[in-house]
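S.K.: The listed protein sequences correspond, in order, to chains A and B. Position 287 of the first sequence, counting from 1, maps to 1141 under the numbering used here, and the rest follow consecutively. Position 60 of the second sequence, counting from 1, maps to 914 under the numbering used here, and the rest follow consecutively.
Please keep in mind that the hints were generated in silico from the structure rather than gathered at the bench. Treat the hints with care, as some may be off.
Since the list gives no way to pick one copy over another, a pair counts as held whenever it fits inside one copy or between any two copies.
[Stated by the list, open to error] In the DSS-like style, the derived pairs of lysine-lysine whose C-alpha atoms are separated by at most 25 Å in a straight line are:
hint	residue 1	residue 2
1	K1016	K919
2	K1071	K958
3	K945	K1016
4	K958	K1099
5	K919	K945
6	K1071	K1099
7	K1071	K1016
8	K945	K1071
9	K958	K1016
Because the structure is a prediction, the values reported are computed rather than measured.
Number of protein chains: 2
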Amino acid sequence: MSTVLYNRVALIGLGLIAGSMSLAMRRAGVAGEITGFARSQATRNTAAEIHLVDRVCDSPIEAVKDADLIVLAVPVGAMGAVMAEIEHVLKPGAVVTDVGSVKKSVLEAVLPHTPEGVHFIGTHPMAGTEHSGPRSGFAELFDNRWCLIVPPEGADEAEVEKLERFWRALGSNVERMDPEHHDIVCAVVSHVPHLIAYTMVGVADDLRRVTDQEVIKFSAAGFRDFTRIAASDPTMWRDVFMTNKEASLEILGRFTEELFALQRAIRTGDGDHLHDYFTRTRAIRRGIIEAGQDTDAPDFGRAKKGT
Amino acid sequence: MSTVLYNRVALIGLGLIAGSMSLAMRRAGVAGEITGFARSQATRNTAAEIHLVDRVCDSPIEAVKDADLIVLAVPVGAMGAVMAEIEHVLKPGAVVTDVGSVKKSVLEAVLPHTPEGVHFIGTHPMAGTEHSGPRSGFAELFDNRWCLIVPPEGADEAEVEKLERFWRALGSNVERMDPEHHDIVCAVVSHVPHLIAYTMVGVADDLRRVTDQEVIKFSAAGFRDFTRIAASDPTMWRDVFMTNKEASLEILGRFTEELFALQRAIRTGDGDHLHDYFTRTRAIRRGIIEAGQDTDAPDFGRAKKGT
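One chain only, chain A, in its complex shape (with noise of 0.2 Å):
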């Protein structure tokens, strides 16, 4: 199944999910040419010297000439500056693609920049892991993961479904969304978890009655996977919360409500509540096992990884 999808590819930012599509693309053998550029000179030296592209550009202009499909894989708050810059290279039927976790706020700033004749059709593969930058990707990475398909209203249907095509040959699972949806989906599955993960590691680093040295030492279970989610590259996570404002603020609002419903058990001694809390969530974490987004296998002591 090696066909060629799209003669030329510019990958925009080089990061984990950019390098990670250009190893998975030349696996799949879906591209003719990749070329890539970063904003910044060390990666754009990292990358050609893993070549982990055909071959790195030292302008987004010079990278998406005659480029057939274009991805933008910037952080969110970025998105709009970068289709600025590049709208008036883009080829007539190219197709413009984002990598980014948020869409209504993206959807927004790209569309004005988008011209008559180019096609803009958001993604978002739901893969990563909490490293970043040009040493981070891997081939594997979008195998067997979601990728949601966010086309804007009135979007080529050949075009959509021939991205469509693009990624699940890239190993992905795609589903189409509208980006309201899309965004309340994610501030519910990745970026309020996320949010509560950073402020977690926070609240540890701040206590004065338990030392950094504990708080690092003695992480088990829980804390230690709260770290890991929080280890996420900053400036990503900063523009998520930025531009999905309203579903991240709506979600963080009934979290704060339940929390406190917890707190209050607790402070009460009401041990049935907690009791019936707790096992509710655990039928939820074994349809995510049904579904295949993760192994039954026990991961919180990770003893039998060796380590």
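Start from chain A and add chain B according to the hints.
M.R.: Below, chain B without anything else, positioned relative to chain A:
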């Protein structure tokens, strides 16, 4: 280094921790005979079927008879009742320990039932998985994990040191702590993170605008790790919060304070505040990796494990 430290060891409770202890004791050759009791007939049957211990007993009295080391591996809310049940048959010179996640309230519950000449010394192996029950144990669970040793005032130093040798033989690193300090450290690195994970999973479950199916289907990094945490044993966790009330409420108070500051930054669009906060947490993560509590391998995508 196969030295028998205790001729007969009795395990009261046959879940993840007790089962793993039995397998680790056999691996280390530190126990003569290992007896075991669990409240549930089904658990006793399973334990017998898989030879989890040398002898499954039908009562706690039978299990602890002539035992040199008795391990209370039941939810922390049940420790006092178990101790009251066995106190009259404990052998003079015997050592009783527990493996609960809370220490102040366990000592308060258990010490009044500790006969003259019997030594109670609390321990807390900081290891576990999200699984529970007699089939979930494995010998490597404690390897390179911390076991906190919490002796009551006036404990026999020789017996404390012997129990530390025992836990080292099971693979753990050991550190002594007083009960109050233990409880606040654990509230930070384990108890409150668990409560938060439970809450977030509960929020997702409640949300009408996002279907259960979507929450499960699109659970990416972040939320997936939360569900893993939230799948832990409900009774054990209810008891943790019922018995470590003071420290849990203190840490929860700090957590909501910090969360509100971040929420306000989102509402007012203060990106610098978020970026600074998110940057600070990365350092803690690095500390944990350097302390050997976790690996640096990317875990979010889990692609490399071939899921």
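S.K.: Go through the copies and call it for K919 and K945: within, between, both or neither, with a Cα cutoff of 25 Å.
M.R.: within (7 Å within a copy, 84 Å between copies)
S.K.: Is the C-alpha distance from K1071 to K1016 at most 25 Å within one copy, between copies, in both cases, or in neither?
M.R.: Intra 50 Å, inter 23 Å, cutoff 25 Å: inter-copy only.
S.K.: Within a copy, between copies, both or neither: which one fits K958 and K1099 at a CA-CA cutoff of 25 Å?
M.R.: within (11 Å within a copy, 42 Å between copies)
S.K.: Give the relationship of K1071 and K958 under a CA distance limit of 25 Å: within one copy only, between copies only, both, or neither.
M.R.: Classified as between: cross-chain Cα gap 21 Å, same-chain 42 Å, threshold 25 Å.
S.K.: At most 25 Å between C-alpha atoms: does K945 with K1016 qualify within a copy, between copies, both, or neither?
M.R.: within (17 Å within a copy, 76 Å between copies)
S.K.: Since the copies are identical, ignore which copy is meant and state whether K1071 and K1099 lie within 25 Å (CA to CA) inside a copy, between copies, both or neither.
M.R.: between (35 Å within a copy, 23 Å between copies)
S.K.: Given a CA cutoff of 25 Å, do K945 and K1071 count as a within-copy pair, a between-copy pair, both, or neither?
M.R.: The answer is neither: 55 Å in one copy and 36 Å across copies each exceed 25 Å.
S.K.: Can you give me the call for K1016 and K919, within, between, both or neither, at a CA distance of at most 25 Å?
M.R.: So K1016 and K919 pass the 25 Å test inside one copy only (21 Å; across, 72 Å).
S.K.: One pair to classify: K958 and K1016, alpha carbons no more than 25 Å apart. Within, between, both, or neither?
M.R.: So K958 and K1016 pass the 25 Å test inside one copy only (22 Å; across, 62 Å).
Hint 8 from the earlier list is the only one contradicted by this structure; the remaining hints agree with it.
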